[in-house]
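A.B. asks: Taken in order, these protein sequences are the chains called A and B.
Start counting the first sequence at 171; every next residue gets the next number (our numbering).
Start counting the second sequence at 539; every next residue gets the next number (our numbering).
Treat the hints with caution; some may be incorrect.
To be verified - Part of the chain A face toward chain B, derived, beta carbon under 10 Å:
| # | residue |
| --- | --- |
| 1 | 200 |
| 2 | 214 |
| 3 | 255 |
| 4 | 259 |
| 5 | 272 |
| 6 | 274 |
These aren't lab readings, by the way, just hints derived from the structure by calculation.
Every residue, glycine too, gets a C-beta built ideally from N, C-alpha and C.
Residues per chain are reported as follows:
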Amino acid sequence: GENVEQHPSTLSVQEGDSAVIKCTYSDSASNYFPWYKQELGKRPQLIIDIRSNVGEKKDQRIAVTLNKTAKHFSLHITETQPEDSAVYFCGANFGNEKLTFGTGTRLTIIP
Amino acid sequence: ETGVTQTPRHLVMGMTNKKSLKCEQHLGHNAMYWYKQSAKKPLELMFVYSLEERVENNSVPSRFSPECPNSSHLFLHLHTLQPEDSALYLCASSQDTRTGAEAFFGQGTRLTVV
Numbered sequence: 171g172e173n174v175e176q177h178p179s180t181l182s183v184q185e186g187d188s189a190v191i192k193c194t195y196s197d198s199a200s201n202y203f204p205w206y207k208q209e210l211g212k213r214p215q216l217i218i219d220i221r222s223n224v225g226e227k228k229d230q231r232i233a234v235t236l237n238k239t240a241k242h243f244s245l246h247i248t249e250t251q252p253e254d255s256a257v258y259f260c261g262a263n264f265g266n267e268k269l270t271f272g273t274g275t276r277l278t279i280i281p
Numbered sequence: 539e540t541g542v543t544q545t546p547r548h549l550v551m552g553m554t555n556k557k558s559l560k561c562e563q564h565l566g567h568n569a570m571y572w573y574k575q576s577a578k579k580p581l582e583l584m585f586v587y588s589l590e591e592r593v594e595n596n597s598v599p600s601r602f603s604p605e606c607p608n609s610s611h612l613f614l615h616l617h618t619l620q621p622e623d624s625a626l627y628l629c630a631s632s633q634d635t636r637t638g639a640e641a642f643f644g645q646g647t648r649l650t651v652v
């Protein structure tokens, strides 16, 4: 079935270090992979996305890599800051209409 | 503000009540979604509408009934809910569903079923 698995569920990182969150998806036809950040009490907001025709995308301290063969993609945050603390969700589209999300990663940046 | 507005923000209802959640977007988007967010399943897709037609019903119990009268408005009608239906209900919209596009979320309705 359509499934997105996300690991780890919680992650604590010292400020300034890097954080990596990984996701796998089940449908090889998926072609759109967004990452959302949800701060406490707020709505999820898109931070970066990648399409299946590229392997990597960067936006300042955030990068996403995609391995289509292995059906997994990862979020990389470098030089982490306290404001990076949040829950992060990866997503994948199934049959285009179904944007399905992973179970989330609670990232805590330790000052 | 992302342009997606949900009302009410909080709702407490009994198991025999009937209530409706409302979502409104003025972004010119063609697709709208309902997600359920709970501790057990953080972002669970419920329904998808594209150009006012339901294109996905993700095995949601019939006590949840969506309605999309036009491309700017989406409702979720609730009746005879169970306590386990207590959750944050998030509405989202996107330009379209065909090629994958950013989904803009509303603030959500915090629903408590007593």
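A.B. asks: Each hint needs a verdict: does it hold in this structure or not?
C.D. replies: Results of checking the hints against the structure:
The restraint placing residue 200(A) at the interface with chain B holds, with a minimum CB-CB distance near 9 Å, inside the 10 Å limit. Hint on residue 214(A) holds. Least Cβ distance to chain B is approximately 5 Å, under the 10 Å limit. This hint is violated: residue 255(A) has a C-beta 16 Å from the nearest C-beta of chain B, more than the 10 Å allowed. About 6 Å separates the beta-carbon of residue 259(A) from the nearest beta-carbon of chain B, less than 10 Å, and the hint is met.
A least Cβ separation of about 8 Å between residue 272(A) and chain B falls short of the 10 Å threshold, and the interface hint therefore holds. The beta carbon of residue 274(A) is positioned within 10 Å of a beta carbon in chain B (closest approach about 4 Å), and the interface hint is therefore held.
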